[in-house]
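Going by the numbering used here, the letters in the sequence shown line up with residues 40 to 453, in that order.
By construction, these hints were calculated from the structure, which means they are not laboratory data. Fair warning: this is a prediction, and the values are worked out from it, not measured in the lab. Heads up, a few of these hints could be off.
Derived EDC-like pairs (lysine to aspartate or glutamate); straight-line CA-CA distance at most 16 Å [stated by the list, open to error]:
1. Lys236 - Glu246
2. Lys278 - Glu306
3. Lys140 - Glu107
4. Lys152 - Glu53
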Amino acid sequence: MKIAELSFLIVEDEEFQRQMLVEMLKAAKAKNVVTATNGQEAAELLVQDPSVDIIICDLDMPVMDGLEFLRHAGEAGYRGSVLIASALHHTLLAAAEAMSKAYSVNLIGVISKPVTWQLLEEAISRHAAPEAKLHVRSVPRRAFTPDEILHGLTEDQFEPFFQPKVDLATGRVVGAEALARWRHPQHGIIAPAAFIKILEDSGKIDELMWVMLRKAIVFCGTVNTMGVESSVAVNLSLKSLNNVELAGRVAATVERHNLDPSKVCLELTESAATTNLGAALENLTRLRMAGFGLSIDDFGTGYSSMQQLTRIPFTELKIDRSFVTNAVNHEAARVMLTSSLQIARQLNLKSVAEGVETQQEWDLLQELGCDLAQGYFIAKPMEVNDYLNWLKELARTPNSIFTSSILAPFTSRR
(Lines of atoms letter the chains of each structure in order from A and count residues from 1; the text may use other names and numbers.)
(Lines give C-alpha, C1' and ligand atoms only; values in the text may rest on other atoms or scores of the structure.)
Protein backbone atom coordinates (compact mmCIF):
# COMPACT_ATOMS: atom_id res chain seq x y z
CA MET A 1 0.00 0.00 0.00
CA LYS A 2 1.10 3.57 -0.66
CA ILE A 3 1.80 5.77 2.36
CA ALA A 4 -0.96 8.15 1.24
CA GLU A 5 -3.45 5.31 1.69
CA LEU A 6 -2.36 4.47 5.25
CA SER A 7 -3.52 5.87 8.58
CA PHE A 8 -0.99 6.48 11.38
CA LEU A 9 -1.13 6.89 15.16
CA ILE A 10 1.98 8.45 16.71
CA VAL A 11 2.38 7.80 20.45
CA GLU A 12 5.17 10.08 21.69
CA ASP A 13 5.41 12.29 24.78
CA GLU A 14 8.19 14.60 23.54
CA GLU A 15 6.70 17.35 21.39
CA PHE A 16 9.75 17.79 19.14
CA GLN A 17 9.97 14.07 18.37
CA ARG A 18 6.23 13.85 17.83
CA GLN A 19 6.16 16.78 15.43
CA MET A 20 9.20 15.50 13.53
CA LEU A 21 7.45 12.18 12.86
CA VAL A 22 4.32 14.00 11.73
CA GLU A 23 6.31 16.14 9.29
CA MET A 24 8.15 13.11 7.88
CA LEU A 25 4.88 11.32 7.19
CA LYS A 26 3.20 14.43 5.75
CA ALA A 27 6.18 14.95 3.45
CA ALA A 28 5.62 11.40 2.21
CA LYS A 29 1.99 12.31 1.36
CA ALA A 30 0.40 10.67 4.42
CA LYS A 31 -3.08 12.18 4.83
CA ASN A 32 -4.32 10.55 8.01
CA VAL A 33 -1.97 11.10 10.98
CA VAL A 34 -3.16 11.42 14.59
CA THR A 35 -1.04 11.79 17.72
CA ALA A 36 -1.13 10.91 21.40
CA THR A 37 1.21 11.99 24.18
CA ASN A 38 1.02 8.76 26.19
CA GLY A 39 -0.34 5.22 26.10
CA GLN A 40 -3.64 6.08 27.76
CA GLU A 41 -4.52 8.69 25.14
CA ALA A 42 -3.48 6.26 22.42
CA ALA A 43 -5.66 3.48 23.89
CA GLU A 44 -8.67 5.81 23.91
CA LEU A 45 -8.02 6.81 20.29
CA LEU A 46 -7.67 3.17 19.30
CA VAL A 47 -11.06 2.37 20.84
CA GLN A 48 -12.59 5.14 18.74
CA ASP A 49 -10.84 4.00 15.56
CA PRO A 50 -9.38 0.45 15.70
CA SER A 51 -8.73 0.53 11.95
CA VAL A 52 -5.49 2.55 12.28
CA ASP A 53 -2.97 0.93 9.97
CA ILE A 54 0.33 1.72 11.72
CA ILE A 55 1.13 2.77 15.29
CA ILE A 56 4.51 4.42 15.90
CA CYS A 57 5.10 4.08 19.62
CA ASP A 58 7.67 5.33 22.14
CA LEU A 59 8.25 3.25 25.27
CA ASP A 60 9.25 5.60 28.10
CA MET A 61 6.18 7.83 28.60
CA PRO A 62 4.19 9.18 31.56
CA VAL A 63 0.71 8.07 32.67
CA MET A 64 0.81 4.86 30.62
CA ASP A 65 4.09 3.77 29.08
CA GLY A 66 4.53 2.05 25.75
CA LEU A 67 4.85 -1.42 27.23
CA GLU A 68 1.44 -1.27 28.88
CA PHE A 69 -0.13 0.25 25.79
CA LEU A 70 1.27 -2.49 23.55
CA ARG A 71 -0.02 -5.11 25.97
CA HIS A 72 -3.50 -3.60 25.77
CA ALA A 73 -3.28 -3.42 21.97
CA GLY A 74 -2.26 -7.06 21.75
CA GLU A 75 -4.93 -8.27 24.17
CA ALA A 76 -7.55 -6.24 22.27
CA GLY A 77 -6.62 -8.05 19.05
CA TYR A 78 -5.31 -4.99 17.21
CA ARG A 79 -4.67 -6.12 13.62
CA GLY A 80 -2.59 -3.23 12.34
CA SER A 81 1.18 -2.87 12.51
CA VAL A 82 3.34 -1.43 15.28
CA LEU A 83 6.71 0.30 15.03
CA ILE A 84 8.63 0.95 18.25
CA ALA A 85 10.78 4.13 18.23
CA SER A 86 12.70 4.75 21.44
CA ALA A 87 15.94 6.09 22.89
CA LEU A 88 16.20 3.27 25.45
CA HIS A 89 19.23 0.98 25.55
CA HIS A 90 19.29 -1.70 22.87
CA THR A 91 18.92 -4.48 25.46
CA LEU A 92 15.65 -2.94 26.62
CA LEU A 93 14.50 -2.55 23.03
CA ALA A 94 15.21 -6.22 22.42
CA ALA A 95 13.17 -7.15 25.49
CA ALA A 96 10.31 -4.89 24.38
CA GLU A 97 10.39 -6.52 20.95
CA ALA A 98 10.16 -10.00 22.46
CA MET A 99 7.33 -8.87 24.76
CA SER A 100 5.36 -7.37 21.85
CA LYS A 101 5.58 -10.58 19.87
CA ALA A 102 4.52 -12.56 22.93
CA TYR A 103 1.38 -10.40 23.07
CA SER A 104 0.75 -11.14 19.34
CA VAL A 105 1.49 -7.58 18.29
CA ASN A 106 2.37 -7.33 14.59
CA LEU A 107 5.73 -5.62 15.04
CA ILE A 108 7.24 -4.27 11.82
CA GLY A 109 10.34 -2.74 13.36
CA VAL A 110 12.25 -1.34 16.32
CA ILE A 111 14.09 1.94 15.71
CA SER A 112 16.58 3.60 18.03
CA LYS A 113 16.16 7.38 18.14
CA PRO A 114 16.86 9.63 16.39
CA VAL A 115 14.45 8.36 13.76
CA THR A 116 15.49 8.91 10.15
CA TRP A 117 13.19 8.78 7.16
CA GLN A 118 15.19 5.91 5.67
CA LEU A 119 14.58 3.72 8.74
CA LEU A 120 10.96 4.82 8.98
CA GLU A 121 10.24 4.11 5.32
CA GLU A 122 11.92 0.69 5.52
CA ALA A 123 9.74 -0.31 8.47
CA ILE A 124 6.55 0.97 6.85
CA SER A 125 7.32 -1.11 3.76
CA ARG A 126 6.91 -4.24 5.91
CA HIS A 127 3.30 -3.37 6.72
CA ALA A 128 0.65 -5.69 5.31
CA ALA A 129 -2.95 -4.63 4.93
CA PRO A 130 -5.10 -5.62 7.95
CA GLU A 131 -7.56 -7.29 5.57
CA ALA A 132 -4.83 -9.64 4.35
CA LYS A 133 -3.76 -10.54 7.87
CA LEU A 134 -7.37 -11.05 8.92
CA HIS A 135 -7.91 -13.40 5.98
CA VAL A 136 -4.97 -15.53 7.02
CA ARG A 137 -6.00 -15.61 10.67
CA SER A 138 -9.59 -16.47 9.85
CA VAL A 139 -8.60 -19.78 8.31
CA PRO A 140 -9.18 -22.32 11.12
CA ARG A 141 -6.54 -24.95 11.85
CA ARG A 142 -7.95 -28.40 11.37
CA ALA A 143 -7.75 -30.47 14.57
CA PHE A 144 -6.94 -34.13 13.92
CA THR A 145 -7.57 -37.04 16.25
CA PRO A 146 -4.90 -39.65 17.07
CA ASP A 147 -6.89 -42.23 15.09
CA GLU A 148 -6.93 -40.01 11.99
CA ILE A 149 -3.18 -39.47 12.21
CA LEU A 150 -2.44 -43.16 12.74
CA HIS A 151 -4.69 -43.99 9.80
CA GLY A 152 -2.61 -41.56 7.72
CA LEU A 153 0.55 -43.40 8.78
CA THR A 154 -1.01 -46.75 7.91
CA GLU A 155 -1.96 -45.41 4.47
CA ASP A 156 1.58 -44.10 3.88
CA GLN A 157 0.42 -40.47 3.65
CA PHE A 158 3.42 -39.06 5.55
CA GLU A 159 6.58 -38.06 3.75
CA PRO A 160 9.66 -35.90 4.23
CA PHE A 161 10.10 -32.51 2.63
CA PHE A 162 13.75 -31.55 2.23
CA GLN A 163 15.46 -28.25 3.02
CA PRO A 164 19.02 -27.89 1.69
CA LYS A 165 22.05 -27.30 3.88
CA VAL A 166 24.73 -25.18 2.24
CA ASP A 167 28.43 -24.69 2.94
CA LEU A 168 28.85 -21.00 3.77
CA ALA A 169 32.46 -20.90 2.56
CA THR A 170 31.91 -22.45 -0.87
CA GLY A 171 28.20 -22.01 -1.46
CA ARG A 172 27.79 -25.69 -2.29
CA VAL A 173 24.82 -27.83 -1.34
CA VAL A 174 26.16 -30.49 1.04
CA GLY A 175 23.01 -32.04 2.43
CA ALA A 176 19.38 -31.62 3.41
CA GLU A 177 17.19 -31.93 6.47
CA ALA A 178 14.12 -34.18 6.26
CA LEU A 179 11.04 -32.41 7.66
CA ALA A 180 7.83 -34.35 8.21
CA ARG A 181 4.71 -33.45 6.22
CA TRP A 182 1.32 -35.14 5.95
CA ARG A 183 -0.10 -35.30 2.43
CA HIS A 184 -3.74 -35.51 3.45
CA PRO A 185 -6.14 -36.66 0.69
CA GLN A 186 -8.72 -33.98 1.58
CA HIS A 187 -6.77 -31.22 3.32
CA GLY A 188 -3.55 -31.13 1.31
CA ILE A 189 -0.12 -30.70 2.88
CA ILE A 190 -0.34 -30.63 6.68
CA ALA A 191 2.49 -29.10 8.75
CA PRO A 192 4.04 -30.89 11.77
CA ALA A 193 2.31 -28.67 14.33
CA ALA A 194 -0.93 -30.52 13.58
CA PHE A 195 0.36 -34.01 14.35
CA ILE A 196 3.74 -34.17 16.16
CA LYS A 197 2.45 -33.37 19.66
CA ILE A 198 -0.49 -35.74 19.26
CA LEU A 199 1.82 -38.57 18.20
CA GLU A 200 4.14 -37.85 21.13
CA ASP A 201 1.28 -37.79 23.64
CA SER A 202 -0.15 -41.05 22.28
CA GLY A 203 3.23 -42.78 22.33
CA LYS A 204 3.24 -43.29 18.55
CA ILE A 205 5.96 -40.84 17.50
CA ASP A 206 8.34 -43.73 16.76
CA GLU A 207 6.15 -44.86 13.88
CA LEU A 208 6.57 -41.50 12.18
CA MET A 209 10.32 -41.45 12.84
CA TRP A 210 10.86 -44.78 11.06
CA VAL A 211 8.84 -43.61 8.07
CA MET A 212 10.93 -40.42 7.84
CA LEU A 213 14.21 -42.31 8.27
CA ARG A 214 13.44 -44.89 5.61
CA LYS A 215 12.27 -42.34 3.04
CA ALA A 216 15.15 -39.97 3.83
CA ILE A 217 17.67 -42.77 3.25
CA VAL A 218 16.14 -43.56 -0.14
CA PHE A 219 16.24 -39.85 -1.01
CA CYS A 220 19.88 -39.52 -0.02
CA GLY A 221 20.84 -42.49 -2.16
CA THR A 222 19.04 -40.94 -5.12
CA VAL A 223 20.80 -37.60 -4.72
CA ASN A 224 24.21 -39.23 -4.49
CA THR A 225 23.61 -41.20 -7.70
CA MET A 226 23.11 -37.81 -9.39
CA GLY A 227 26.72 -36.98 -8.63
CA VAL A 228 26.03 -34.80 -5.60
CA GLU A 229 27.97 -35.55 -2.41
CA SER A 230 25.06 -35.15 -0.04
CA SER A 231 24.04 -36.15 3.46
CA VAL A 232 20.59 -36.18 5.02
CA ALA A 233 19.53 -35.16 8.54
CA VAL A 234 16.61 -36.86 10.29
CA ASN A 235 15.06 -35.96 13.64
CA LEU A 236 15.44 -38.76 16.17
CA SER A 237 12.48 -39.60 18.38
CA LEU A 238 13.37 -39.10 22.05
CA LYS A 239 11.16 -42.02 23.03
CA SER A 240 13.13 -44.34 20.77
CA LEU A 241 16.31 -43.70 22.74
CA ASN A 242 14.89 -45.74 25.62
CA ASN A 243 15.06 -48.86 23.47
CA VAL A 244 18.61 -50.24 23.51
CA GLU A 245 17.97 -51.93 20.15
CA LEU A 246 17.55 -48.59 18.37
CA ALA A 247 21.14 -48.22 17.13
CA GLY A 248 21.20 -51.69 15.63
CA ARG A 249 17.89 -51.17 13.88
CA VAL A 250 18.96 -47.83 12.41
CA ALA A 251 22.23 -49.34 11.17
CA ALA A 252 20.40 -52.28 9.60
CA THR A 253 17.97 -49.93 7.82
CA VAL A 254 20.83 -47.94 6.29
CA GLU A 255 22.71 -51.10 5.33
CA ARG A 256 19.67 -52.51 3.50
CA HIS A 257 19.71 -49.44 1.25
CA ASN A 258 23.47 -49.61 0.62
CA LEU A 259 24.06 -46.13 2.08
CA ASP A 260 27.17 -45.18 4.03
CA PRO A 261 26.18 -44.31 7.64
CA SER A 262 28.33 -41.16 7.42
CA LYS A 263 25.71 -39.78 5.01
CA VAL A 264 23.07 -39.82 7.75
CA CYS A 265 22.98 -37.27 10.57
CA LEU A 266 20.54 -37.87 13.41
CA GLU A 267 19.27 -34.70 15.07
CA LEU A 268 18.16 -34.64 18.71
CA THR A 269 17.15 -31.89 21.09
CA GLU A 270 19.11 -30.93 24.20
CA SER A 271 16.77 -32.93 26.45
CA ALA A 272 17.20 -36.13 24.44
CA ALA A 273 19.26 -38.01 27.01
CA THR A 274 17.52 -36.91 30.19
CA THR A 275 14.97 -39.72 30.65
CA ASN A 276 16.61 -43.15 30.50
CA LEU A 277 20.16 -41.87 30.53
CA GLY A 278 21.97 -45.20 30.28
CA ALA A 279 19.98 -46.49 27.30
CA ALA A 280 20.15 -43.14 25.52
CA LEU A 281 23.92 -42.87 25.87
CA GLU A 282 24.39 -46.49 24.80
CA ASN A 283 22.35 -45.91 21.65
CA LEU A 284 24.04 -42.64 20.75
CA THR A 285 27.54 -43.94 21.37
CA ARG A 286 26.81 -47.05 19.32
CA LEU A 287 25.46 -44.91 16.46
CA ARG A 288 28.65 -42.83 16.43
CA MET A 289 30.77 -45.99 16.50
CA ALA A 290 28.87 -47.11 13.40
CA GLY A 291 29.72 -43.84 11.62
CA PHE A 292 26.46 -41.90 11.90
CA GLY A 293 26.54 -38.16 12.52
CA LEU A 294 24.84 -36.74 15.63
CA SER A 295 23.53 -33.20 15.80
CA ILE A 296 22.40 -31.29 18.88
CA ASP A 297 19.40 -29.34 17.62
CA ASP A 298 18.16 -25.91 18.81
CA PHE A 299 21.39 -25.36 20.71
CA GLY A 300 21.18 -22.69 23.41
CA THR A 301 17.43 -22.82 24.00
CA GLY A 302 17.42 -25.30 26.90
CA TYR A 303 19.18 -25.63 30.21
CA SER A 304 21.39 -28.64 29.58
CA SER A 305 23.42 -27.65 26.52
CA MET A 306 26.89 -27.82 28.05
CA GLN A 307 26.21 -31.00 30.00
CA GLN A 308 24.92 -32.75 26.87
CA LEU A 309 28.02 -31.76 24.93
CA THR A 310 30.18 -33.52 27.52
CA ARG A 311 28.00 -36.65 27.56
CA ILE A 312 27.18 -37.30 23.92
CA PRO A 313 29.65 -37.68 21.01
CA PHE A 314 28.07 -35.06 18.79
CA THR A 315 29.49 -34.23 15.36
CA GLU A 316 27.34 -31.16 14.70
CA LEU A 317 26.00 -28.21 16.64
CA LYS A 318 22.83 -26.68 15.25
CA ILE A 319 22.21 -23.11 16.36
CA ASP A 320 18.61 -22.15 17.05
CA ARG A 321 17.04 -19.81 14.53
CA SER A 322 16.17 -17.23 17.22
CA PHE A 323 19.86 -16.37 17.66
CA VAL A 324 20.40 -16.23 13.90
CA THR A 325 17.38 -14.02 13.27
CA ASN A 326 18.18 -11.51 16.02
CA ALA A 327 21.98 -11.46 15.74
CA VAL A 328 22.04 -8.80 13.04
CA ASN A 329 20.42 -6.16 15.25
CA HIS A 330 20.68 -7.40 18.84
CA GLU A 331 23.95 -7.54 20.71
CA ALA A 332 22.84 -10.27 23.14
CA ALA A 333 21.78 -12.58 20.31
CA ARG A 334 25.03 -11.91 18.47
CA VAL A 335 27.02 -12.80 21.59
CA MET A 336 25.09 -16.07 21.88
CA LEU A 337 25.66 -16.82 18.20
CA THR A 338 29.37 -16.01 18.41
CA SER A 339 29.80 -18.06 21.58
CA SER A 340 28.01 -21.05 20.06
CA LEU A 341 30.29 -20.93 17.01
CA GLN A 342 33.36 -20.73 19.24
CA ILE A 343 32.18 -23.77 21.22
CA ALA A 344 31.65 -25.69 18.00
CA ARG A 345 35.15 -24.87 16.76
CA GLN A 346 36.81 -25.73 20.07
CA LEU A 347 35.01 -29.09 20.17
CA ASN A 348 35.71 -29.75 16.49
CA LEU A 349 32.00 -29.83 15.64
CA LYS A 350 30.36 -28.66 12.42
CA SER A 351 28.26 -25.56 13.09
CA VAL A 352 24.89 -25.20 11.37
CA ALA A 353 22.74 -22.07 11.44
CA GLU A 354 19.05 -22.68 10.83
CA GLY A 355 16.40 -20.17 9.86
CA VAL A 356 18.62 -18.01 7.62
CA GLU A 357 16.22 -15.68 5.81
CA THR A 358 18.15 -12.58 4.69
CA GLN A 359 21.35 -11.55 2.96
CA GLN A 360 22.39 -9.74 6.16
CA GLU A 361 22.11 -12.95 8.17
CA TRP A 362 24.04 -14.89 5.52
CA ASP A 363 26.82 -12.28 5.46
CA LEU A 364 27.08 -12.19 9.26
CA LEU A 365 27.34 -15.97 9.47
CA GLN A 366 30.09 -15.95 6.85
CA GLU A 367 31.92 -13.24 8.78
CA LEU A 368 31.67 -15.20 12.03
CA GLY A 369 32.92 -18.41 10.42
CA CYS A 370 29.81 -20.59 10.60
CA ASP A 371 30.16 -23.80 8.57
CA LEU A 372 26.69 -24.54 7.21
CA ALA A 373 23.37 -22.74 6.78
CA GLN A 374 19.79 -23.60 5.97
CA GLY A 375 16.69 -21.46 5.67
CA TYR A 376 14.33 -19.70 3.28
CA PHE A 377 17.13 -17.46 2.00
CA ILE A 378 18.49 -20.58 0.31
CA ALA A 379 15.30 -22.54 -0.30
CA LYS A 380 12.09 -23.58 1.42
CA PRO A 381 11.47 -27.26 2.30
CA MET A 382 10.58 -29.13 -0.90
CA GLU A 383 9.06 -32.48 -1.75
CA VAL A 384 11.45 -34.98 -3.32
CA ASN A 385 10.85 -34.24 -7.01
CA ASP A 386 10.97 -30.48 -6.49
CA TYR A 387 14.22 -30.81 -4.57
CA LEU A 388 15.82 -32.94 -7.30
CA ASN A 389 14.68 -30.48 -9.97
CA TRP A 390 16.08 -27.63 -7.90
CA LEU A 391 19.47 -29.36 -7.83
CA LYS A 392 19.38 -29.93 -11.59
CA GLU A 393 18.52 -26.29 -12.17
CA LEU A 394 21.51 -25.21 -10.10
CA ALA A 395 23.75 -27.35 -12.29
CA ARG A 396 22.35 -25.85 -15.49
CA THR A 397 22.35 -22.22 -14.40
CA PRO A 398 25.28 -21.33 -12.12
CA ASN A 399 24.07 -17.73 -11.81
CA SER A 400 20.35 -18.29 -11.48
CA ILE A 401 18.31 -16.61 -8.75
CA PHE A 402 21.30 -16.90 -6.43
CA THR A 403 24.68 -15.31 -7.03
CA SER A 404 27.58 -17.67 -7.54
CA SER A 405 28.98 -16.62 -4.16
CA ILE A 406 25.88 -17.96 -2.46
CA LEU A 407 25.07 -21.18 -4.27
CA ALA A 408 27.79 -22.39 -6.59
CA PRO A 409 26.63 -25.23 -8.86
CA PHE A 410 27.52 -28.74 -7.84
CA THR A 411 29.91 -30.66 -10.08
CA SER A 412 28.43 -33.71 -11.80
CA ARG A 413 30.54 -36.87 -11.61
CA ARG A 414 28.58 -38.66 -14.32
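Verification of the hints:
{"no.": "1", "hint": "Lys236 - Glu246", "verdict": "13 Å, holds"}
{"no.": "2", "hint": "Lys278 - Glu306", "verdict": "14 Å, holds"}
{"no.": "3", "hint": "Lys140 - Glu107", "verdict": "14 Å, holds"}
{"no.": "4", "hint": "Lys152 - Glu53", "verdict": "12 Å, holds"}
Checked against the numbered hints above, the structure breaks none of them.
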